[in-house]
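Undergrad: Chain A is already provided as a structure; the job is to place chain B on it using the hints.
Protein sequences appear in the order of chains A and B.
Per my numbering: the first sequence = residues 1 to 100.
Per my numbering: the second sequence = residues 1 to 189.
Hints listed in this document are in silico derivations from the structure and should not be mistaken for laboratory results.
Bear in mind the structure is a predicted one, so any value in this text is a computation, not a measurement.
Ideal placement from N, C-alpha and C gives every residue a C-beta, glycine not left out.
Be aware that a few hints might be false.
[Said to hold, decoys possible] Pair ranges (Cβ atoms, derived):
(1) VAL149(B) with SER86(A): 36 to 42 Å
(2) GLY110(B) with SER86(A): 18 to 24 Å
(3) ASP97(A) with ALA14(B): 22 to 28 Å
(4) ARG175(B) with GLN55(A): 56 to 62 Å
(5) GLY132(B) with ALA53(A): 18 to 24 Å
(6) ASP27(B) with GLN88(A): 52 to 58 Å
[Claimed, not checked] Lysine to any residue pairs mimicking SDA-like chemistry, simulated, CA-CA at most 25 Å apart:
(7) LYS139(B) with ALA53(A)
(8) LYS139(B) with VAL60(A)
(9) LYS139(B) with GLN55(A)
(10) LYS139(B) with VAL48(A)
(11) LYS139(B) with GLY76(A)
(12) LYS139(B) with THR81(A)
(13) LYS139(B) with SER89(A)
(14) LYS139(B) with VAL41(A)
(15) LYS139(B) with THR153(B)
(16) LYS139(B) with LEU83(A)
(17) LYS139(B) with LEU38(A)
(18) LYS139(B) with THR128(B)
(19) LYS139(B) with PRO54(A)
(20) LYS139(B) with LEU66(A)
(21) LYS139(B) with THR70(A)
(22) LYS139(B) with ARG87(A)
(23) LYS139(B) with ASP93(A)
(24) LYS139(B) with SER86(A)
(25) LYS139(B) with MET62(B)
(26) LYS139(B) with ALA67(A)
(27) LYS139(B) with GLU72(A)
(28) LYS139(B) with VAL64(A)
(29) LYS139(B) with MET91(A)
(30) LYS139(B) with VAL65(A)
(31) LYS139(B) with VAL57(B)
[As the list claims (entries may be wrong)] Covered stretches of chain A (in silico footprint by chain B; criterion: 3 or more residues with CB under 8 Å from a CB of chain B, positions within the stretch not fixed):
(32) 15 to 23
(33) 33 to 44
(34) 60 to 67
(35) 81 to 89
Okay, here's what each chain looks like letter by letter:
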Amino acid sequence: MSLQAVLIVVAALFCVGLYGALSQQVVVMVMMGLELMLNAVLLAVAAVLWFLAPQIDGAVLLLVVLAAMTVEMAMGFAVATLLHRSRQSDMTDMAADLAG
Amino acid sequence: MGVLSTVAFWVLAAAAVAFGALVFRVDSMARATYCLAASFVAVAVVLLLFRQDYLGVVTALMMVMEMAIMAVYMVMFMGMNPALMPMSMVHGRRTALALSAGLFIVLTAGILLVPWPSRRDAPVADVTHALGESIMGHKMLVMLTVSPVLFATIVAALVLALPRGRYDRFGDDLRRRPPADPQPGGVGR
Numbered sequence: 001m002s003l004q005a006v007l008i009v010v011a012a013l014f015c016v017g018l019y020g021a022l023s024q025q026v027v028v029m030v031m032m033g034l035e036l037m038l039n040a041v042l043l044a045v046a047a048v049l050w051f052l053a054p055q056i057d058g059a060v061l062l063l064v065v066l067a068a069m070t071v072e073m074a075m076g077f078a079v080a081t082l083l084h085r086s087r088q089s090d091m092t093d094m095a096a097d098l099a100g
Numbered sequence: 001m002g003v004l005s006t007v008a009f010w011v012l013a014a015a016a017v018a019f020g021a022l023v024f025r026v027d028s029m030a031r032a033t034y035c036l037a038a039s040f041v042a043v044a045v046v047l048l049l050f051r052q053d054y055l056g057v058v059t060a061l062m063m064v065m066e067m068a069i070m071a072v073y074m075v076m077f078m079g080m081n082p083a084l085m086p087m088s089m090v091h092g093r094r095t096a097l098a099l100s101a102g103l104f105i106v107l108t109a110g111i112l113l114v115p116w117p118s119r120r121d122a123p124v125a126d127v128t129h130a131l132g133e134s135i136m137g138h139k140m141l142v143m144l145t146v147s148p149v150l151f152a153t154i155v156a157a158l159v160l161a162l163p164r165g166r167y168d169r170f171g172d173d174l175r176r177r178p179p180a181d182p183q184p185g186g187v188g189r
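Same shape as in the complex, but just chain A (with noise of 0.2 Å):
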């Protein structure tokens, strides 16, 4: 096992949130592309501490890059609940009020 093996996942786990993100008409599901997304840089970071620099500093960005998975599913879920009161409807093209 080496680093680049590691980041090679990171990434085939980043694409394939990113694919979920893009094409998902769910938000829920979109959430769970952008959680996805989170997973890997969570991997990232842990590959980099491991593999790199085995210094305390990376835990500490691991914990923030997790504050910022919890952040975005509670502010997810809110939206979902809004949007669900506000135009019975769960779809990312109901909501497309501000796309330019």
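TA: Same frame as chain A, but now just chain B:
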């Protein structure tokens, strides 16, 4: 790392990617939730292999709980048993697929072509202890930043999710007294 750890890593990595891909392939949202939870648990175990004991356990616990909440949301909003309802709700599938595949090729090329440096220091002996000391010591600013962000998230999520705002209670000019609440009561009312 030993051979056993290497084999475990590859099995877990394959599981993480496969379950991640299955999230968008299975025909029900409940199954998608389970697949995402499995992907997260696989990554959490890889974190344990990298000696990130605390963060690995926190990741597994947090994500399993999150997936449980997601399942509840699906039942709430879709008004059905999502495990029994086939679904495929996608848009721009080919574009998304092309972008993702292109990014994977670019990232993989970068990963393989970059001359990565070698490890400089020995790993910290007890990462959990060192992390605790760090965030309570010279990295406390990180926690001081994360804490208000999390609190602001709670407030913002409640403001977005609550069905009634101040205009519902006090009217468009905010002058209605007493406020129109479904349940009367409260201090001074």
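Undergrad: Hint by hint, note whether the structure agrees.
TA: Evaluation of the provided hints:
At roughly 26 Å, the beta carbons of VAL149(B) and SER86(A) sit outside the given window of 36 to 42 Å. Taking the beta carbon of each, GLY110(B) and SER86(A) are about 42 Å apart, not inside 18 to 24 Å as hinted. Look at ASP97(A) against ALA14(B): about 41 Å separates their beta carbons, and that is not inside 22 to 28 Å. Taken as a hint, the range 56 to 62 Å holds for the pair ARG175(B) and GLN55(A), whose Cβ atoms sit roughly 59 Å apart.
The hinted window of 18 to 24 Å between GLY132(B) and ALA53(A) holds, with their beta carbons roughly 20 Å apart. At roughly 24 Å, the beta-carbon separation of ASP27(B) and GLN88(A) lies outside the given 52 to 58 Å, and the hint is violated. Proximity of LYS139(B) to ALA53(A) is assessed by CA-CA distance (about 17 Å); at most 25 Å being required, the pair is judged to hold. For the hint linking LYS139(B) to VAL60(A), the alpha-carbon distance of about 8 Å falls within 25 Å, and the restraint holds.
Only pairs whose Cα atoms come within 25 Å are accepted, and LYS139(B) paired with GLN55(A) is accepted, the gap being roughly 13 Å. A hinted pair counts as satisfied when its Cα atoms are at most 25 Å apart, and LYS139(B) with VAL48(A) qualifies at roughly 19 Å. A C-alpha spacing of about 29 Å is found between LYS139(B) and GLY76(A), which places the hinted pair above 25 Å, so the restraint is violated. Proximity of LYS139(B) to THR81(A) is assessed by CA-CA distance (about 36 Å); at most 25 Å being required, the pair is judged violated.
As the CA atoms of LYS139(B) and SER89(A) are separated by approximately 43 Å, the hinted pair breaks the 25 Å bound. Restraint check: the Cα-Cα separation between LYS139(B) and VAL41(A) comes to about 21 Å, which is no more than 25 Å; the hinted pair holds. Of the supplied pair hints, the one linking LYS139(B) and THR153(B) holds, its CA atoms being roughly 22 Å apart against a limit of 25 Å. A C-alpha spacing of about 38 Å is found between LYS139(B) and LEU83(A), which places the hinted pair above 25 Å, so the restraint is violated.
Of the pairs offered as hints, the one joining LYS139(B) and LEU38(A) holds, with about 22 Å between alpha carbons and a cut-off of 25 Å not exceeded. Distance check on the hinted pair: LYS139(B) and THR128(B) sit about 14 Å apart at the alpha-carbon level, within 25 Å; holds. Among the hinted pairs, LYS139(B) with PRO54(A) is consistent with the structure: their alpha-carbon atoms are about 16 Å apart, no more than 25 Å. For the hint linking LYS139(B) to LEU66(A), the alpha-carbon distance of about 16 Å falls within 25 Å, and the restraint holds.
For the hint pairing LYS139(B) with THR70(A), the CA-to-CA distance comes to about 20 Å; that is within 25 Å, so the pair holds. Restraint check: the Cα-Cα separation between LYS139(B) and ARG87(A) comes to about 44 Å, which exceeds 25 Å; the hinted pair is violated. Distance restraint check for LYS139(B) and ASP93(A): the Cα-Cα separation of roughly 42 Å exceeds the 25 Å cut-off, and the hinted pair is therefore not satisfied. Of the supplied pair hints, the one linking LYS139(B) and SER86(A) is violated, its CA atoms being roughly 42 Å apart against a limit of 25 Å.
For a cut-off of 25 Å, the pair hint linking LYS139(B) to MET62(B) stands: about 23 Å separates their Cα positions. A threshold of 25 Å between alpha carbons decides the hint, and for LYS139(B) with ALA67(A) the separation of about 15 Å falls inside it, so the pair holds. Our distance criterion of 25 Å between C-alpha atoms is met by LYS139(B) and GLU72(A), whose separation comes to about 23 Å. With a CA separation close to 12 Å, the supplied pair LYS139(B) and VAL64(A) stays within the 25 Å bound.
For the hint linking LYS139(B) to MET91(A), the alpha-carbon distance of about 41 Å lies beyond 25 Å, and the restraint is violated. Restraint check: the Cα-Cα separation between LYS139(B) and VAL65(A) comes to about 15 Å, which is no more than 25 Å; the hinted pair holds. Simply put, LYS139(B) and VAL57(B) have alpha-carbon atoms about 21 Å apart, close enough for the 25 Å limit, and the pair holds. For the region 15 to 23 of chain A, the assignment as covered by chain B holds, since 8 residues bring a beta-carbon within under 8 Å of that chain's beta-carbons and 3 suffice.
Closer than 8 Å: that is the beta-carbon criterion, and the region 33 to 44 of chain A has 6 residues meeting it against chain B, so the requirement of 3 holds. For the region 60 to 67 of chain A, the stated coverage by chain B holds: 6 residues have a C-beta nearer than 8 Å to a C-beta of that chain, and at least 3 were required. With 4 residues having a beta carbon nearer than 8 Å to a beta carbon of chain B, the region 81 to 89 of chain A meets the requirement of three or more and the stated coverage holds.
Comparing the model with each earlier hint shows violations of hints 1, 2, 3, 6, 11, 12, 13, 16, 22, 23, 24 and 29; every other hint is respected.
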